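There are 2 protein chains.
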Amino acid sequence: MRIAELSRRSGIPVPTIKYYLREGLLPPGELSSPNQARYSEAHLSRLQLVRALLEIGRLPIASIKDVLAEIDRPKPDVHTALGRALKAIGPGDEAVDAPEVDELLARHGWEGVHPSATARRGVAEVIAALRRLGAHQTLARLDDYAEAAQRVAEIDLAVVGEHDSPEGKVYSAVIGTILGDALLAALRRLAQESASARTHGLKVKK
Amino acid sequence: MRIAELSRRSGIPVPTIKYYLREGLLPPGELSSPNQARYSEAHLSRLQLVRALLEIGRLPIASIKDVLAEIDRPKPDVHTALGRALKAIGPGDEAVDAPEVDELLARHGWEGVHPSATARRGVAEVIAALRRLGAHQTLARLDDYAEAAQRVAEIDLAVVGEHDSPEGKVYSAVIGTILGDALLAALRRLAQESASARTHGLKVKK
Chain A
1 MRIAELSRRS
11 GIPVPTIKYY
21 LREGLLPPGE
31 LSSPNQARYS
41 EAHLSRLQLV
51 RALLEIGRLP
61 IASIKDVLAE
71 IDRPKPDVHT
81 ALGRALKAIG
91 PGDEAVDAPE
101 VDELLARHGW
111 EGVHPSATAR
121 RGVAEVIAAL
131 RRLGAHQTLA
141 RLDDYAEAAQ
151 RVAEIDLAVV
161 GEHDSPEGKV
171 YSAVIGTILG
181 DALLAALRRL
191 AQESASARTH
201 GLKVKK
Chain B
1001 MRIAELSRRS
1011 GIPVPTIKYY
1021 LREGLLPPGE
1031 LSSPNQARYS
1041 EAHLSRLQLV
1051 RALLEIGRLP
1061 IASIKDVLAE
1071 IDRPKPDVHT
1081 ALGRALKAIG
1091 PGDEAVDAPE
1101 VDELLARHGW
1111 EGVHPSATAR
1121 RGVAEVIAAL
1131 RRLGAHQTLA
1141 RLDDYAEAAQ
1151 RVAEIDLAVV
1161 GEHDSPEGKV
1171 YSAVIGTILG
1181 DALLAALRRL
1191 AQESASARTH
1201 GLKVKK
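Going down the list, the protein sequences come from chains A and B. Numbered according to my numbering, the first sequence spans residues 1 to 206. Numbered according to my numbering, the second sequence spans residues 1001 to 1206.
Bound conformation, chain A alone (with noise of 0.2 Å):
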């Protein structure tokens, strides 16, 4: 199909298509003359999940390239796959030394996770705010809100072992994490307004 026809499937305007190429977020199409490209339907999915991983995830385009980098790689290793996928996503990739991490991890028997881990860093950096912040109400809770996260990692993990390649898994993996963020944080809110709502008494307006 041609640039018009990819964008009118896809919603998304022939100037957003054009950037995504020069950014080489989107593999070129192939040559049909020197002014025009064919795209195929491999072209009109990863326009959707660029738009997705830009929009909903919110992740900077260098951190998109190193995702669509794991995404197409060959034969992947899955679990050190998803670990490369996902440390794309956060601040840093140094070893982190972080006793209470570490502690949380033990109290929980979360084994296996990698000294440098990101989100070990991204923890340990919450963490640090929150004592600032004086939020020790918060932190008392810590061990409560790592099992709420046990619990939608094991959800995490069982549908990525509905995927039966390992190419499917690294897939369903990313864009589970990256677009679950988004949803587990829109469906908090959805809770959290309808327990305030009871719990404050508050009648909301229709």
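Hints in this document: simulated from the structure, not taken from any laboratory. Just so it is clear, the structure is predicted and the values come from calculations on it, not from any experiment. Just to be clear, a hint being listed does not mean it is correct.
[As the list claims (entries may be wrong)] Here are the computed distance ranges between Cβ atoms for each label pair:
no. : chain 1 : residue 1 : chain 2 : residue 2 : range
1   : A       : Pro-99    : B       : Pro-1027  : 35 to 45 Å
2   : B       : Glu-1055  : A       : Pro-99    : 13 to 23 Å
3   : B       : Arg-1131  : A       : Asp-97    : 24 to 34 Å
4   : B       : Asp-1164  : A       : Glu-41    : 58 to 68 Å
5   : B       : Arg-1107  : A       : Asp-77    : 35 to 45 Å
6   : B       : Leu-1054  : A       : Ser-116   : 19 to 29 Å
7   : A       : Asp-66    : B       : Arg-1198  : 23 to 33 Å
8   : A       : Gly-134   : B       : Ser-1032  : 25 to 35 Å
9   : A       : Glu-23    : B       : Lys-1065  : 26 to 36 Å
[What the hints assert, rightly or not] Straight line, CA to CA, 25 Å or less: simulated SDA-like cross-link-like pairs of lysine to any residue:
no. : chain 1 : residue 1 : chain 2 : residue 2
10  : A       : Lys-65    : B       : Ala-1128
11  : A       : Lys-65    : B       : Asp-1072
12  : B       : Lys-1065  : A       : Arg-131
13  : B       : Lys-1018  : B       : Lys-1075
14  : A       : Lys-75    : B       : Leu-1133
15  : B       : Lys-1018  : A       : Ala-128
16  : B       : Lys-1075  : A       : His-136
17  : A       : Lys-65    : A       : Arg-131
Here a beta-carbon is modelled for each residue, glycine too, at the ideal position from N, C-alpha and C.
Knowing the structure of chain A, use the given hints to seat chain B on it.
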């Protein structure tokens, strides 16, 4: 204290503090001479909050201003203030026609959610994106994710309930929710990595 001490005690460079002042994220100090201002402990706390909302919450500056305005409102009505403060985080505030989200709310007994709640749109957008990406396995687990989100919201509300004053409830809800998203995302990845290490049987290099 002078700006140099504010910088030293907060660990935030003077140019960054000046940037926050220019953007209106930090109220001006009290002028002690035409070229010199003095800052209080309240400035120090506000500075920590702004940094956390920016660096960990990754909120845009306009949203941070909205959130700070809610936190500063005297004698807030808790449910309304929470709604306004957390709405400041999402993409918009028009009423959303999202029958699937309404069904989800009904299935989980989540009453009292405003028709224009930003999170309602957020859930609808993620569902639409997952469908476009063919992530049917994730969609089939929507209710499992909603149950996990409800558990998180119950912990959130318990934390808020430990504060006596309405101001304390709003402050704690805002930082707990915004920093909590980052905390949960990072905890989820740690739990995933551990579960993946077990499931995919890989030894993690230390």
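Status of the hints after comparison with the structure:
1. Separation of Pro-99 of chain A from Pro-1027 of chain B is about 37 Å and conforms to the stated range, judged on CB atoms against 35 to 45 Å.
2. Checking the proposed 13 to 23 Å range against Glu-1055 of chain B and Pro-99 of chain A shows it holds: the Cβ atoms sit about 22 Å from each other.
3. At roughly 43 Å, the beta carbons of Arg-1131 of chain B and Asp-97 of chain A sit outside the given window of 24 to 34 Å.
4. Judged by the Cβ atoms, the range 58 to 68 Å given for Asp-1164 of chain B and Glu-41 of chain A holds: they are separated by roughly 59 Å.
5. For Arg-1107 of chain B and Asp-77 of chain A, the hinted distance range of 35 to 45 Å is satisfied, since their beta carbons lie about 38 Å from each other.
6. Distance hint check for Leu-1054 of chain B and Ser-116 of chain A: the Cβ-Cβ separation is about 25 Å, which falls inside the suggested range of 19 to 29 Å.
7. The given range of 23 to 33 Å is respected by Asp-66 of chain A and Arg-1198 of chain B, whose C-beta atoms sit roughly 25 Å from each other.
8. For Gly-134 of chain A and Ser-1032 of chain B, the Cβ-Cβ distance of about 28 Å falls inside the hinted range of 25 to 35 Å, so the restraint holds.
9. Under the hint 26 to 36 Å, the C-beta atoms of Glu-23 of chain A and Lys-1065 of chain B, about 31 Å apart, fit the expected range.
10. Between Lys-65 of chain A and Ala-1128 of chain B the CA atoms are separated by roughly 23 Å; this keeps the pair inside 25 Å, and the hint holds.
11. Between Lys-65 of chain A and Asp-1072 of chain B the CA atoms are separated by roughly 41 Å; this puts the pair beyond 25 Å, and the hint is violated.
12. As the CA atoms of Lys-1065 of chain B and Arg-131 of chain A are separated by approximately 22 Å, the hinted pair is consistent with the 25 Å bound.
13. At roughly 30 Å between alpha-carbon atoms, Lys-1018 of chain B and Lys-1075 of chain B are farther apart than 25 Å, so this suggested pair is violated.
14. Proposed proximity of Lys-75 of chain A and Leu-1133 of chain B is supported: the alpha carbons are some 21 Å apart, at most 25 Å.
15. With a C-alpha separation of about 23 Å, the suggested pairing of Lys-1018 of chain B with Ala-128 of chain A holds against the 25 Å cut-off.
16. The suggested pairing of Lys-1075 of chain B with His-136 of chain A holds, with an alpha-carbon distance near 23 Å, which does not exceed 25 Å.
17. Our distance criterion of 25 Å between C-alpha atoms is broken by Lys-65 of chain A and Arg-131 of chain A, whose separation comes to about 35 Å.
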